[in-house]
Amino acid sequence: MRVSFFFAIATLLPLQLINVSAALAQSSPLRIEITQGVIEPLPFAIPNFIAENTVSNEYPQNISRVIANDLTGTGLFREIPETAFISQVRDFSASVQFADWKAINAQALITGTVAISGDNLVVQFRLFDVFANSELGQGLQFTGPISTWRRMAHKVADSVYSRITGEGGYFDSRIVFVSETGAKGQRQKRLAIMDYDGENVSYLTDAETLVLVPRFSPDGDRILYTSYATGNPRIHELYLNSSQSRVLEQSTGTMSFSPRFAPDGQTVIYSLEQGGNTDIYSLNLDNGEVRRLTSGPSIDTAPSFSPDGSRIVFESDRSGGQQLYVMSVTGEQVQRISFGEGRYGTPVWSPRGDLIAFSKQNRGRFHIGVMRVDGSEERLLTASFLDESPTWAPNGRVIMFARETRGELGRFSLYTVDISGRNLKQVLTPAGASDPSWSALQK
Amino acid sequence: MKTGTYISGICHLFLVAWVMLSATFQSEPTHSFAVQEVTLVSTTEFAAIGVLPQQPDVLMEAPNSPDLSTFDSIDPQVMTSNDQRLSKTQPDVTETVQPDNPPVNIPLSIPVDPIIDSTLEITPPEPSKLPALSSAPQPPNAERIAPEVVAPPPIDVTIGDLDQDAIAPLNTKAETVEEPQEETAREEATTEIVTEAEESDISDVVPVRPLFRPRELIIETQESDVDEQDIIASAVADAIADVMISSSNSNAQQSQPGSQLSSHEQEAFRLEVGHCWNVGSLSTEALQTKIVVSVLMRQDTTPIEESIKLQSYSGGTRNAADKAFGVARRAIIRCGKKGYNLPVEKYETWREIEIEFNPEQMRNR
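Sequence lines, in order, name chains A and B. For the first sequence, position 419 matches number 419 in our numbering, and the numbering has no gaps at all. For the second sequence, position 349 matches number 1349 in our numbering, and the numbering has no gaps at all.
In case anyone wonders, no lab produced these hints; they're calculated from the structure. Since we're looking at a predicted model, the values are computed, not measured. Fair warning: there could be bad hints in the mix.
As the list claims (entries may be wrong) - A few chain A residues facing chain B, derived, Cβ under 7 Å:
| hint | residue |
| --- | --- |
| 1 | Pro29 |
| 2 | Leu30 |
| 3 | Arg31 |
| 4 | Ile34 |
| 5 | Gly37 |
| 6 | Ile39 |
| 7 | Leu76 |
| 8 | Ile164 |
| 9 | Asp219 |
| 10 | Asp221 |
Said to hold, decoys possible - If you want the footprint, here are the derived chain B segments under chain A, 3+ residues with CB under 8 Å:
| hint | segment |
| --- | --- |
| 11 | 1274-1287 |
| 12 | 1312-1323 |
| 13 | 1332-1341 |
| 14 | 1353-1362 |
Glycine is no exception: its CB is placed at the ideal position from the N, C-alpha and C atoms.
Generate the whole structure from the sequences, applying the supplied hints.
Right, dumping it as C-alpha cells:
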C-alpha cells in the first residue's frame, strides 16, 4: 500500500510541475524580437511660424524655411509640404489636433512664433511628438538682434535635432575655409568664413598672399593658418573679433605648417621643417615654450589632438609608406594604427573621441574614411578624383571635406557626408573652396 | 490562467482523494511489509536475457531465488529500499515487489516496456486486438477522479477513441488536424492547457480518453476487477493523459482560442512592426541600445497607445534608450493604427506583447 502511495506521489509530482509551468507560460506575454527596420528620413511638419505684434511676415516665413532646410539637409528628416496639411496652426498656445497630423503621417510637429521686442527678435517654438500625443521637451524662446535671425533659426533647428535624435546639433556653427578663384595653376586663395550651410560668407584675408589650412580654435574666436606672406610658410594666429593676426613661428631656415589647437586653446601643435626633416612640435601660447614631440628622418605632420587632450594622431612615413600613428601628448608611446593598402593622411580626431577621420589615396583614387582610434573598423565614406581635408561637425556625426573635380577646369568644392556614408551633399559657396575647418557650436 | 488553475486543482483533488481513499485498501495490520530487493535491468539487457535459453518465465522470483545470480552477472543495479526506488520518477526498468499475497507472475510478453514510456508513445494497436467500435464514436464524459473506486469502463468505449477520423469533426481545420503528433505533444510548446471543463467543444475535437493509455493496463483490468495497483496505475495514466491531451490540443488546434501564435503569424507581426521601425533619425548611441517595450492590444488588433511602456534597455544610456523608445513607440502606433494582422481567435495569446527592438543589424546598414 505504501508503495502504491509513493508511486502515485512520484508520478503526480511531475504532472503538477507541468501544470505550473503551463500556467506560467500562459500568463507571460508574447515575446517578439525585431531586428530589421527601415532607415528613412523622419517626416515632420513645420507650419510657418506665427507673426506676433508688428513683425512682418518675412521673418516668420524665413525662419521656418531655415529650420526646415537645416533638418532636411541632414538626411535624417523629411519635410511634409504645407499643401498636405489638414489643419493650420493659428494659435501658438492652442492644443494641437494630433489626429490631423497623424493623418498625414507627420511624426514631429514644430510650431512657433516670431515677435519684435525693441530692437530684438523673439523666436519661440514647440516640438510635438505626434504619435505620442505629447510635446517633446519644453517650449523654448530665443532673443537676439534682428540681423541674427538666421542664427536663431539654426538654434531652433539644433534643439529639434537634438531632441529627436539624441545627438547634439551642428547648425549654429561656422566654417572657415580657403576660397579659391582663378584658373588652375594661378589660383588666388583667401581665407573665408561662412555659416555651416554656406550662407553669410565673408573674407578674412586678401588674395595677395597665399594662405593654407585654416583651423578654428575651440572657442571659435581665433584661427590658425599657414601664410606665405614672408616667402616661406609660417603659422599665423588670427583674432576674429579684431581681425589682428600674429606669426607664431619664425625660426630662421625653417618652414612651419599644418597647425592645430589643443582642446584647451592655449597650446598649438604644428609641423616644422628644418634641414629637410619634418617633425611635430608643440607651442605654449602663454609662455612661448616649444617642445619637440617627434624626431627622426621621417616626415611627421598633420597632428590632431584627441578631445581630452591626452593623445595626438598624426601621419608619418617612418614605416616607408604614409600611415597614421597615435602618440601621447608628450610624444611617447607612438603606435601605428593604420595598416591598410594605400597612403593615409590628414587624420582628425572626432569631437566625440570615438573615431578618426582621414584621407586616403589608393589605386589612383582618393577617399575620406573613418576608423576607430585603435585603427579598427576602417570605413571609406567617399571616393573620387581627389577628396581631402576632412573636418568634423561639432556633434561628430558629419564630416565636411574638399573635393576637386578632374580636368583643367576642375575646381575645389566643399561637401558633407554622414559618418554612415549616406547623405553626401555639396555645400554651395560663391567660389571654389578647400581646406574647411568646422567650428564648435556658437555660444 | 484559469486553465492552469483548473488543471492544478484537479490534480490536487485527485491526490487528496487518493490519500483519503487509500485507507480503504489498507492491508490488515497484522500483516507485515516485506521489503524486496529489486533488480534494475535496462531494456537492452532485458532483451539480452530474453535470448538466454535458461531464461525463466517469470521476471523475478523470491529474494532468495538462486536465479538472482543470473541478473547479477549482467551488471544489475540493486536498490535496497523502496524510497530509493520511488525517487526515480522515470523508471526505466520493471519492478517487482514482494506482496503479502502470492506474487502475480507477469508473462514476459506483456509488461516489458516501462509504464511511463509507453504512455508517451502513441502506438496504434494491432488491428486484431482492436475491439469492435461502437456505432456512435462519441465517447462519454467520464469523470477522471471518481469519489469512490469504480470499475473501469467497458473496453469498447475505452478504445473507441483510438479512431481519430471517426471522432474529429468535419469542421476542424485541416491544417491543425494534420499536425504531427510529435509536434503537438510537446509540453513546452504550449501556453495554455484547454480543459474539457472550460471548453465543452473539445470533446468534439479530441477523444475524452487518453490516446496513449497503456494497452497492458487495459488488459490487466479485464483480468482482475478491483486490483489496487491497477486502479492506481489507471488513475495516474488518466491524469497523465489528461494533461498530455490538453497540452497537445493547445498545440495541435492552433486556431483554437488561446493557442500559441504560429511562427508564420509571429513573423508577419514582426514584419509589420519592422516596416514602421524607422531608425534613420536615431543617434549612433541609440543605435547601440537594445530596448524591450511592452504593449497591450485591443481585440481589434490595434495597440493601446497609453499602454506602451519601456520595460528595459541595455547597451546605452537612459537618454539613448528614451530616444530609441520614441522610435519604437511610433512604429507600434503607426503600423497598428489600422490593426495588425493577428488572429483574433488567439487574442489571449497576443493580448500583451513584449517587443525587443534590437538595432544591431541596422547599425551596419
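Holds or violated: aspartate 219 (chain A) as interface residue toward chain B, Cβ cutoff 7 Å? violated (25 Å)
Under 8 Å between beta-carbons, do enough residues of the segment 1274-1287 of chain B, three at least, approach chain A for the coverage claim to hold? Holds, because 13 residues of the segment 1274-1287 of chain B bring their Cβ atoms closer than 8 Å to Cβ atoms of chain A.
For the segment 1332-1341 of chain B, do three or more residues have a beta carbon lying closer than 8 Å to a beta carbon of chain A? holds (count 3)
Interface hint for aspartate 221 (chain A), Cβ within 7 Å of any Cβ on chain B: violated (29 Å)
Return the status of the interface hint for glycine 37 (chain A): holds when the least beta-carbon distance to chain B is below 7 Å, violated otherwise. holds (3 Å)
Have a go at the arginine 31 (chain A) hint: is there a Cβ in chain B nearer than 7 Å to its own Cβ? This interface hint holds because 5 Å falls under the 7 Å limit.
Check of the segment 1353-1362 of chain B against chain A for coverage (Cβ-Cβ below 8 Å, three residues minimum): Holds: 10 residues of the segment 1353-1362 of chain B have a Cβ under 8 Å from chain A.
Holds or violated: is the Cβ of isoleucine 34 (chain A) closer than 7 Å to a Cβ in chain B? holds (5 Å)
Would you settle whether the hint for leucine 30 (chain A) is holds or violated, based on the nearest Cβ-Cβ distance to chain B being less than 7 Å? Hint holds; leucine 30 (chain A) Cβ to chain B Cβ min 5 Å, cut 7 Å.
With chain B as the partner, please determine if proline 29 (chain A) meets the hint condition of a C-beta pair closer than 7 Å. holds (4 Å)
Have a go at the leucine 76 (chain A) hint: is there a Cβ in chain B nearer than 7 Å to its own Cβ? holds (5 Å)
Against chain B, is isoleucine 164 (chain A) within 7 Å by beta-carbon distance? holds (6 Å)
In this structure, the hints that do not hold are numbers 9 and 10, in rising order.
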